[in-house]
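Chemist: Assemble the complex: chain V is given as a structure, and chain A must be docked to it using the hints.
Protein chains: 2
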Amino acid sequence: MVDPAHVARWQARIASELWDRVVPFWMEHSLDHEHGGYLNCLDRDGRPFDTKKHVWLQGRQVWMLSKLYAERGETRFLDAARLGAEFLARHAVAADGRAFFCLARDGRPIALQRKIFSECFLVMAFAEYARASGDAAYRVRALALFERVLALVADPTPLGKPRLAGQTPSVDLAVPMILLNLVAELRGAPGSATFDDRADYDSIERDAVARVLRHFDPARGMTFETVGPRGERLDSPEGRLLNPGHVVEAGWFLAEYAARIGDRGLESTAFAMMEGALDQGWDREHGGLFYFLDAEGFSPVQLEWSQKLWWPHCEALIGTLSAWRATGESRWFERFEEIADWTFAHFPDPEYGEWFGYIDRRGEVSQRFKGGPYKGCFHVPRALWRCAGLLAPDDQPPRADR
Amino acid sequence: MVDPAHVARWQARIASELWDRVVPFWMEHSLDHEHGGYLNCLDRDGRPFDTKKHVWLQGRQVWMLSKLYAERGETRFLDAARLGAEFLARHAVAADGRAFFCLARDGRPIALQRKIFSECFLVMAFAEYARASGDAAYRVRALALFERVLALVADPTPLGKPRLAGQTPSVDLAVPMILLNLVAELRGAPGSATFDDRADYDSIERDAVARVLRHFDPARGMTFETVGPRGERLDSPEGRLLNPGHVVEAGWFLAEYAARIGDRGLESTAFAMMEGALDQGWDREHGGLFYFLDAEGFSPVQLEWSQKLWWPHCEALIGTLSAWRATGESRWFERFEEIADWTFAHFPDPEYGEWFGYIDRRGEVSQRFKGGPYKGCFHVPRALWRCAGLLAPDDQPPRADR
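In the order they appear, the protein sequences are chains V and A. All residue numbers for the first sequence refer to our numbering, where the first residue is 77 and numbers rise by one. All residue numbers for the second sequence refer to our numbering, where the first residue is 77 and numbers rise by one.
Please keep in mind that the hints were generated in silico from the structure rather than gathered at the bench. Note that this is a predicted model, so its numbers are computed, not measured. Just so you know, not all the hints are guaranteed correct.
No copy labels: a pair is met if it fits in one copy or bridges any two.
To be verified - Restricting the straight-line Cα-Cα distance to at most 35 Å, the calculated cross-link-like pairs of lysine-lysine (DSBU-like) are:
#, residue 1, residue 2
1, Lys237, Lys128
2, Lys128, Lys143
3, Lys237, Lys191
Looking at chain V on its own, in the form it has when it is part of the complex:
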């Protein structure tokens, strides 16, 4: 078993990183008291380098601040969450129910993606803000958007992507994975006062789990980002694409679901997916997790394939600690430490707080900004917050330690 004092040192370090170095960065620099919402494109020192507001990150920040409020009960977090929730309720959803991808500082729309993720992150935002604020109108908004997401998954025609005769039918891991997460978010914590169990959640989850598993090849320990509709392997750059951070994230979503329904077999599968992705994704030469790989060893067509991004490392911290808690196997704690050592040596900014997001293959900062079109107040604080919980002595001890 892992030395409890050692665990406690990690817990203290991670909690301090969250509350002293990361949360203050966003609370100090991102709140837009003039127009509402958040400035999410922030340079290294917190100054905005763009005033555009990206809905993925606006929604995720509302979610995160609502969670921090639930954790600490400090009204400054609820006030900050409200700043974003009200802005998004007013500006993020078009008359036809689609959610924009990007807004101007004052809320006017700039871009609409042909994807469902803006809608998804608004579901998370509104569901959690409804819980934090007690304002049921946000719950209604969350559920309406969730219905919209389900409809777009069933029939993506309104997204406007042309269907053409030469396309190979395919499905992406991202979709069932986020549906699984959204149901968990809508449901809330089992046993809590705000737990909300809708009749159809179980079947949506079962379907999402079955769809996630189609991407996993147990024989090779590989989870493919894109497969045919029945899980067929596709021999193309898309079909060979591995996204280790995504797989680890899907793994801990799946493990959490498996634990809730008490399916130990599924839990093992989730950890096997994670383990494969960490084995394949770890750069044995320079450390850190690659962003993309090709399952057959070709060069991925994504120019940024070898970069080390903050978010796969965040997911890996959560994933390895979750596996340690669930299995009690010290090898998972060792894996956590290997990843955490590399992560803490490369991503945090000792000068201005928060983490750099983009590191080159050798470990040098490639982009100095702390917030951008795809990085905001989400992966870093979510990982630190969850890891602090998983490391806390008052949490349920690891199974093998019980």
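Modeler: For chain A alone, kept in the frame of chain V given last:
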């Protein structure tokens, strides 16, 4: 003046690279005698890693092979050009006149971009193939597509990009720059048998030149990729974006036009644009040209900003030699040599021929493939072919040497 023997050594080296190392790679590996067209996703050794056919590259390869045929008169080049031209005529244009971005190996459509560039590269392909083959039907196809491009530039609505209230009106350098190039391609070589002067070419060119110049700030020597419709600077990542390779390419397009109409002032402006871009874009630490920069020194949001791509270096070889030929100033030849030394030290593959396309900031190969969704039989052979011509002793000598 530059030592003619030194010039001759470069000429021999570049001609050998073209005919012995680059052209054979494509002739040997890319021709799809089964379905027509070209396999353009080729691994380091020429084996395909994907069978998709990207229309930008299919069109550019038809153009290049037609040029090689014009240069050498070898029917194998004309036959290879026909393989692509017939495939594209059959498959690349939709019933509504839009050109696809990507086709399956057998020609069925896979993707349609909300951009005009597929159409543009088909104009180049069909115009040059018509000239090479004498088949006037391809000239008709080229002109019809050119009309379509002009219509889409005037009114982009059919491209299907939503216009939203928060968008900042803006224009991209890419558009007027390619129009200038397309007119030059349609016109052909002045004095040649196939020279074709249409009544409206002059006004299209004058308009395109005026539009290109709106992106240039002479005081800072900077050419901005995206500006307001009247050339206004935009304070956003898009508005601050510098793309040095693009500016150098625009520079030699512009210089060529200026030389044709005898406008020495415009020619100087073109070289000033190029010189600024080369000064700003050169990596003083590791050598090579950056892909993207932010004019105010922020980190570009493009993850690949610091990579060294083959094509900006190709454009810089053409641009610097063109400036040397036009001005006779030896500093331009020195600049050519600095770029050529770095380029030849990093991009060519000594083992299998052709050039790597993607090098990391420090000069290591980041992606091993020779052809991909955006790299094909175009920039490398075009640059080598043009540079060999600019270095040839029977070319018009540099102005200062006359």
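Chemist: Each hint should be assessed against the structure and marked as holding or not.
Modeler: Hints, one by one, checked against the model:
1. Lys237 - Lys128: both (25 Å within a copy, 19 Å between copies)
2. Lys128 - Lys143: Within one copy only: 25 Å inside a chain, 45 Å across chains, cut-off 35 Å.
3. Lys237 - Lys191: Answer is both; intra-copy 9 Å and inter-copy 14 Å each pass.
When the structure is compared with the earlier hints, no violation turns up for any of them.
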